[in-house]
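Engineer: What follows is the residue order along each chain.
There are 4 protein chains.
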Amino acid sequence: MRIPYIHDFEEWRTGFEFYYPVKVRFSETDLFGHLNNTVPFIYFEQARIEFLKQLGFMQNWLDPSNESIPVVANLQCDFLKQVFFDQELRVYVKAASVGNSSVDIHYMGVNADHQPVFCGRGTMVQMAKKTGKGLPWTEEQKELFGIPAAKIDG
Amino acid sequence: MRIPYIHDFEEWRTGFEFYYPVKVRFSETDLFGHLNNTVPFIYFEQARIEFLKQLGFMQNWLDPSNESIPVVANLQCDFLKQVFFDQELRVYVKAASVGNSSVDIHYMGVNADHQPVFCGRGTMVQMAKKTGKGLPWTEEQKELFGIPAAKIDG
Amino acid sequence: MRIPYIHDFEEWRTGFEFYYPVKVRFSETDLFGHLNNTVPFIYFEQARIEFLKQLGFMQNWLDPSNESIPVVANLQCDFLKQVFFDQELRVYVKAASVGNSSVDIHYMGVNADHQPVFCGRGTMVQMAKKTGKGLPWTEEQKELFGIPAAKIDG
Amino acid sequence: MRIPYIHDFEEWRTGFEFYYPVKVRFSETDLFGHLNNTVPFIYFEQARIEFLKQLGFMQNWLDPSNESIPVVANLQCDFLKQVFFDQELRVYVKAASVGNSSVDIHYMGVNADHQPVFCGRGTMVQMAKKTGKGLPWTEEQKELFGIPAAKIDG
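Protein sequence lines, in the order shown, are assigned to chains A, B, C and D.
First residue of the first sequence? That's 0 in numbering that gives the first Met the number 0, and the numbers climb one at a time after it.
First residue of the second sequence? That's 0 in numbering that gives the first Met the number 0, and the numbers climb one at a time after it.
First residue of the third sequence? That's 0 in numbering that gives the first Met the number 0, and the numbers climb one at a time after it.
First residue of the fourth sequence? That's 0 in numbering that gives the first Met the number 0, and the numbers climb one at a time after it.
Bear in mind the hints are in silico, worked out from the structure with no lab data behind them.
Every value quoted in this text rests on a predicted model; they were computed, and no experiment measured them.
Here a beta-carbon is modelled for each residue, glycine too, at the ideal position from N, C-alpha and C.
Keep in mind that a hint or two might mislead.
Said to hold, decoys possible - Partial pick of chain A residues on the chain B-facing surface, computed with a CB cut under 8 Å:
#1 SER26
#2 GLY32
#3 PHE84
#4 ASP85
Assemble the whole structure, with the sequences as input and the hints as a guide.
Structural biologist: In structure tokens:
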């Protein structure tokens, strides 16, 4: 298991606190009898939104009068173990590093035995609606992500 | 096979002309090895939109400045035959009857052997955005549906 | 609001006890800004499975060596109120009547203010795998549905 | 635009020949008014299957008696331009490199103006059902991917 965005899996794993619980739906399985590969991205989206809501970001972004919106620039997932119907998963989320107007968000799905079943990451950018360009985070926003100063650029 | 909205299946079937072709996606199957039961409603939506676009309705409804939007009041589906991955279906659509501000739309999915695999219907209402109430069709709109005058109320 | 399978809404409503909680996902909304019309059927499926699991049916049906499987013969939904992202719903389920090898299952989605937002029903049949035909319920199975004897046929 | 798996975009782009056409469905949009970020992965899956079918792989893998199945080890997507309802896209697919029992598959979605709207990649492994481990490609299989010998390991 060599995953480009994870140097030391055990260390990486300890950085997570927040999780979003999901239960695999019947309609999320496919004819191979397990969770369809496209579904973890739906879980990531939902877990990311709950995470950002908890940090205090989401409320503004869902307000149509707000000047910025969050834009997903990329997403990736590594599938580690098969996942089956009705399994209860925890989808952990954390901010791994913060850029000028972007944030690198990491994900880890674990089953009821605490075994990682998939992991992933994605860059999210705060975009100014007017210009379509990245809107730099304020210092206050950067702090909200709750990550060590060394992982904050700029 | 007793379906409340179909009196004579063979006669009912002849009323269809327009169809939307779909190919069953892998992600649309479930662990029972066939098309998940929730998916025909996605096909119905897509077929309905293409049908309404062809009739000339959809363009206005997708324009945010338009005073009305189409609202689905109800939907139903009868599952007649199992459908499998990769099958190519035709999803037929027709306006079965027109009310004051609503239309009863019927659907029939057939497989490559022209066997009906599912059928359905649903009421769609033209709603005025300001009032949230039904906006009566104009005479011109009623004619667009292309159904016999006897099936047009009012 | 005239719904064919509901005679008296208030009376109908009181028959529900079991519910499955759902929270509307971002990916379940559409460009009209609300819950896409095809999604309540996913909620119905999940609520039905949890209901049948609680009654003791689902375990056998998910066992590949079992001689019967549940087959959904039809499904319908009436959309009563708009549903939006992040709303927490309860999707109630009940067996409304039981036939020889089928059961009529009813659904009601309510929002946090206990207002019905959609309701629905569908026939489910216990099918024998060998013959592809309905497999009659045993007396024990009929009792599991927990409905008054008057609503049990045969 | 810096994408780890693309060195020279214009060169990378010329390597594609096979594509799968899709039309953005209404149910695939979200409340931000565009294609939901989780949907390109569904397009990738479908495009990959059609590509593998065309190469002659898929037929065996869908046969339950076959000794191997394809397993997706990872997937990623970079979102380049917004995609909207009803747009017609081409989702291009190619094998970028072949390992001992794996293949690196690349994807590029373009709109009607031939502008790339998203791109991606993913590793697929041929897994032996008995052992759950990678089953090496035969020489014949490696040739099927139709890529230069220099990009074939082993």
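Engineer: For every hint, state whether the structure bears it out.
Structural biologist: Hint check results:
Of the supplied interface hints, the one on SER26 of chain A holds, with its beta-carbon coming within about 5 Å of a beta-carbon of chain B, less than 8 Å. Look at GLY32 of chain A: its Cβ gets to within about 5 Å of chain B, closer than 8 Å, so that hint holds up. With a cut of 8 Å, the hint placing PHE84 of chain A at the interface with chain B holds, because the nearest CB-to-CB distance is about 6 Å. With its C-beta approaching chain B no nearer than about 10 Å, ASP85 of chain A sits outside the 8 Å limit, and its interface hint is violated.
Of the numbered hints listed earlier, the single one contradicted by the structure is hint 4.
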